[in-house]
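Start counting the sequence shown at 1; every next residue gets the next number (the numbering used here).
These are calculated hints, taken from the structure and not from any lab test.
Derived pair list, reagent style DSBU-like, types lysine-lysine, alpha-carbon separation capped at 35 Å: (1) Lys27 - Lys52; (2) Lys72 - Lys34; (3) Lys35 - Lys72; (4) Lys69 - Lys58; (5) Lys58 - Lys35; (6) Lys34 - Lys69; (7) Lys69 - Lys52; (8) Lys58 - Lys72; (9) Lys27 - Lys72; (10) Lys35 - Lys69; (11) Lys78 - Lys27; (12) Lys52 - Lys78; (13) Lys72 - Lys61; (14) Lys52 - Lys35; (15) Lys78 - Lys34; (16) Lys61 - Lys35; (17) Lys78 - Lys61; (18) Lys78 - Lys35.
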Amino acid sequence: MKTLMIILVAAGLSAAPAAFGAEKGKKDDPAHVKKDIADHRAMAEAHLNAAKCLESGKPEKECQGQLAKDCKGLAIGKYCGMKHRD
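Assemble the whole structure, with the sequences as input and the hints as a guide.
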């Protein structure tokens, strides 16, 4: 169930990358929008890789550690900008 949630959220992030995190005044700046899109795609890819890691049977701690490395500088928190329910 957790893996499915990760995949669905990552897909949602890649489908609407400009809808999140735009700061006032920068929203319409084309360079900011391009960077925001790239960041969201990178976060989505990191989450997809975490899902694949979990599906492969590796320990959650190992997969979350790789997620943290992949997201360094992209998002906040140990879950790459996403808070898990459990």
